[in-house]
Amino acid sequence: MSESDLSKSRLEETEAILDSQPSATFAIDGAYRIVRLNRAALQLTGMERYKEAIGQSCYRLIHDRDSICPFCPLDNEWKVAATPERTSDEDRPIDSPSEEKIIHRPSDQGERTLKLDFIQGQTVRVRLVEIVEDITAQREQQEESLRMENLASLGTMISGIAHELNNPLTGMGLTLQNLEANLTTMDSREVLHRLQILQKDLRQAARIVSDILGLARPGNLRRNRADLLRVVQRAKANTVRLYPVLSRQIRWVIRSPDETMIFYFNPEKIERMLVNLFRNSLQAYDYSPGEIRVDMRRSQRYVHIIIEDDAGGIPDDQIRRIFVPFYTRSADGRGTGLGLSISLGIVREHNGRLRVRTIGKSTRFLVSLPFRKTEVDG
1 MSESDLSKSR LEETEAILDS QPSATFAIDG AYRIVRLNRA ALQLTGMERY KEAIGQSCYR
61 LIHDRDSICP FCPLDNEWKV AATPERTSDE DRPIDSPSEE KIIHRPSDQG ERTLKLDFIQ
121 GQTVRVRLVE IVEDITAQRE QQEESLRMEN LASLGTMISG IAHELNNPLT GMGLTLQNLE
181 ANLTTMDSRE VLHRLQILQK DLRQAARIVS DILGLARPGN LRRNRADLLR VVQRAKANTV
241 RLYPVLSRQI RWVIRSPDET MIFYFNPEKI ERMLVNLFRN SLQAYDYSPG EIRVDMRRSQ
301 RYVHIIIEDD AGGIPDDQIR RIFVPFYTRS ADGRGTGLGL SISLGIVREH NGRLRVRTIG
361 KSTRFLVSLP FRKTEVDG
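Last residue of the sequence shown? That's 378 in my numbering, and every number before it is there in order.
It should be emphasised that the hints constitute simulated quantities derived from the structure, not laboratory data.
Some clues are possibly wrong.
[Said to hold, decoys possible] Simulated pairs of lysine-lysine, DSSO-like, Cα-Cα distance not exceeding 27 Å:
| id | residue 1 | residue 2 |
| --- | --- | --- |
| 1 | Lys101 | Lys115 |
| 2 | Lys236 | Lys361 |
| 3 | Lys236 | Lys373 |
| 4 | Lys200 | Lys101 |
| 5 | Lys236 | Lys200 |
[What the hints assert, rightly or not] Across the chosen pairs, the derived CB separations fall in these ranges:
| id | residue 1 | residue 2 | range |
| --- | --- | --- | --- |
| 6 | Leu195 | His304 | 34 to 44 Å |
| 7 | Arg222 | Asp117 | 54 to 64 Å |
| 8 | Ala16 | Glu144 | 28 to 38 Å |
Don't be surprised by glycine CBs; every beta carbon is placed ideally from N, CA and C.
Produce the complete structure using the sequences and hints provided.
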């Protein structure tokens with residue numbers, strides 16, 4: 001085989017490989033003229049024969065422009081000249097010949113999304129190789145997937161908010177039922193007591209709405225001088241009141257080194273955090289008999305609350321995710337995963353720590369809160 005035949009064979013082989021590529025590929029010379037293209041490129045331009053495309057300006061044939069594309073990497077001079085005139089991010093000059101670019105172009109089938117890849121030419125004749133891929137379907141699929149994810153997240157968020165609000169609403173419903181059933185036999189003091197419980201649940205519902213709104217806009221935490229032991233006891237009482245059936249066979253053990261544990265914190269938020277953790281243990285027992293142990297300890301800088309149950313533990317693959325917002329281990333819809341994430345937020349708002357550990361069938365939550373003797377100390 002002669003040298004010319006060998007060159008012709010190599011050229012045919014190269015063109016066959018080029019034509020087999022699914023993406024439109026254009027070889028461009030230093031004068032912005034197309035010197036070679038493949039079958040996919042011919043279809044993209046709407047041309048019927050290769051000869052019609054060869055020699056035409058790349059910016060006119062590919063991009064339907066009257067002048068050189070502002071983002072063209074072929075010559076740095078055009079980057080500088082085009083920069084002041086560009087009207088959109090699409091026209092932004094690319095930084096290197098290997099940079100990928102996404103553009104949008106109108107067509108008879110509607111707007112198309114094209115991905116452009118530029119490869120620096122390796123010969124005197126071919127200065128630039130431009131690869132154009134129609135990614136419209138891929139982008140539409142990604143956008144639809146993102147839309148469905150957003151809808152699912154919105155549904156989960158709404159469900160989680162409803163779950164949180166259901167706690168005080170359940171309490172109000174139980175109190176109203178009690179009032180209705182016993183109103184004729186109650187004295188004024190008992191009626192007033194029930195009304196005070198209703199007011200407390202109403203305030204809790206309002207706080208929940210405020211807290212959810214504040215997840216994205218955390219505000220300043222208000223600390224009061226309060227007794228943690230009383231807050232723990234109140235959280236336990238409210239948990240039993242809100243979940244009487246789950247609590248029926250549960251034994252509670254609350255231990256404190258002192259009769260009082262007074263320091264500065266936000267008692268309402270800490271109570272809510274504790275109710276969430278207590279509820280988590282109750283749901284883990286799933287109506288079975290069991291024990292929930294609450295131990296309070298104090299170190300030089302922290303007050304620690306240890307909440308422990310023996311309801312089966314948490315698998316290792318789940319324990320790392322339980323504080324993720326809206327993650328739930330409940331398969332029956334009782335939990336939505338908002339309670340523990342809000343609890344973690346409350347503890348962090350106090351500059352504290354919330355950790356969880358499973359040993360065998362036991363699960364232990366350790367809450368550590370800074371022991372603030374005054375409202376302003378660290």
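Checked hints:
1. Lys101 - Lys115: holds (6 Å)
2. Lys236 - Lys361: holds (22 Å)
3. Lys236 - Lys373: Within the cut-off at roughly 25 Å; holds.
4. Lys200 - Lys101: violated (58 Å)
5. Lys236 - Lys200: Holds. Lysine 236 to lysine 200 sits at ~15 Å (cutoff 27 Å).
6. Leu195 - His304: 34 to 44 Å: holds (37 Å)
7. Arg222 - Asp117: 54 to 64 Å: holds (56 Å)
8. Ala16 - Glu144: 28 to 38 Å: holds (37 Å)
When the structure is compared with the earlier hints, a violation turns up for hint 4 alone.
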